[in-house]
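Engineer: As you go down the protein sequences, you meet chains A and B in turn.
Heads up: the first sequence begins at 855 in the numbering used here, then just goes up one per residue.
Heads up: the second sequence begins at 2 in the numbering used here, then just goes up one per residue.
You can take every hint at face value.
Partial list, computed: chain A residues near chain B (C-beta under 10 Å):
| id | residue |
| --- | --- |
| 1 | M855 |
| 2 | N862 |
| 3 | I869 |
| 4 | S1002 |
| 5 | T1077 |
| 6 | L1119 |
Quick look at which bits of chain B chain A covers, simulated, 3 or more residues with Cβ under 8 Å:
| id | region |
| --- | --- |
| 7 | 96-108 |
| 8 | 124-134 |
Keep in mind that the hints were calculated from the coordinates and are not lab data.
Even for Gly, the Cβ is constructed at its ideal location relative to N, Cα and C.
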Amino acid sequence: MVAQLIVNGIVYSSIIVLASIGLSLVYSIGNFANFAHGDTMAVGAFVALASAPLVQAIVPGVTIAGFPLWFFGALLVGMAAAAVVAVVTEYVVYRPLDSSAIGLLITSIGVALAYRALLLMQFGPGQQSYPVSRGGRIPWVESALGVSVTARDVVIVFSSIVLVASLHAMLQYTTLGRKMRAMADNAELARVSGIRTGEVIIAMWVIGAALAGAGGVFLGLDTIIRPRMGFELLLLIFAAVILGGIGSVYGAMLGGFAIGMAHELTPAIPFIGTEYNAAVAFLVMIAILLVRPNGILGGDAT
Amino acid sequence: MSVFCAAQSAKRASSRVSSSGSARKSAQRLSKYAASAAPLALSGAAKGAALAEMIFEDGHDSVAVTWINNDYGQSLAEVFEETFEGDIAYIEPHEPEGSSYRGEIAEMGDTDATAWLFITYADEVTVFINEAFDQGYNEEIAYYGAESTIADEILANTEPGSQEGLTGITESAPEGQENYESYASRFEEEFGQAPTVWSAYAYDAFTVSAIAIEAADEFTGASISEVVRDVTRPSGDEVFTFEAAKEILEDGGTPDDIDYQGVSGPIDLDENGDPPGYYQVYSVQDHEYVWGDYITS
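Model the full structure from these sequences, guided by the hints.
Structural biologist: This is the structure in structure tokens:
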């Protein structure tokens, strides 16, 4: 059973990691806790769903190991839509408001409600799913390792790895990445040394929201799509970001992985019911914070 | 009094909310409110017992139950646990609107249960069915559900074959029963759509209240509750309307001479004021719902 739980944990962690990165970026560069982040995930998931018929018509009907190619087109549309929505929100709400960290935090709760209400108006409250058939277990993995792995699981995990690796390359080896790291470290100093912080903030929204959108699409692919899907996950994502060390992008990745694994490995802990999996994830967070009060990578440079 | 008002509000209540579970609660709240002097509540107790009996009679000695962590799930699960005659290998709650239930599925799969009972709502059961399908449990385990695990959206968002044979019981209007058919046609004339089973419950709640008020010595909760059971029990003449009941009383009849027959099925209120369970069995065949027998408990 434990092997299966580890597989489940890796899939679940991938989604949490993608969402945590964006939240951490906004925290370190935009300097506030963005409560609309979970609903940004839902925006990505729903736009990808709405774009599915169009993308299916454009992209050839090729399947990769039983998984349709068009889905990746819809994924990109969903990521782009989440990014556009976040940038528009920055221009329409956050920038004109120019409030304190607490003011922006409260504002983001309003933004979250607005996103969700718009999704409800457009798509209704019910559950939906992507028109991708659920293939069931991959037979050779089942017979070789005795665990159930589906094509969806593989797509979610590998796409997440590609996205995280691309982000790593961007942060480390491009000028924009260096600017972002500089601004996360010390916004004032970055501005004084000639970095256009406005551009960096837009880049932050694009990257953070696109990754959140991808997380939302994968969450929808894994289970179902509904307006509250991201909001329900937001608390765990916050836990991941705090655990990783607030503001550290690499910390958020590690934190997301730890929280996701703790959540899914709960059934292996004797005498603790699975319904407490969120509580176990938070206990892991508290335990690690007791040892490292700034989080796993807190205090280090982004 | 206008009994159709009650039916209409019940209809509104049930069409406003999406999941049948909340519709059930609204109707329950409404009928409690409507009959606050005469407690005619829809009983979860009867349903839990009926489920337990059905699963045991299908030959399952060992069952795993997962219930949604709220009042609805808890009360149904408690009754099930008390009344199921076989072994309950697993009976644990799950959180509403969870983003994954793989942990619960792993624990249920770790038992020797041959049947899984999902006491939950549409969104949750969809996730359960899909994730259990990913691990191939649909081939080994017989699935059971209740009135909230049947919805077209569940079929739309699960893989064909992933819940083949899922069997459940749900509140259902007694179609074909004469007084229900005439009620339904009057309802359609008035509102232009078919009544739901909740409309029928609300109609009966109001009618029983009205008869009990008429039969009681005075208009107080205490004296109404003395007679409300009598007017529904099989001791007297079968009546189908408030008017017929009133005639019996005016001819010098007592509450015992009245046996109100509900449009929603038999009403015979017990000590607690609960009507007997009256349910219809459904199952999933070729990824569509197929209706079966009516059962009472």
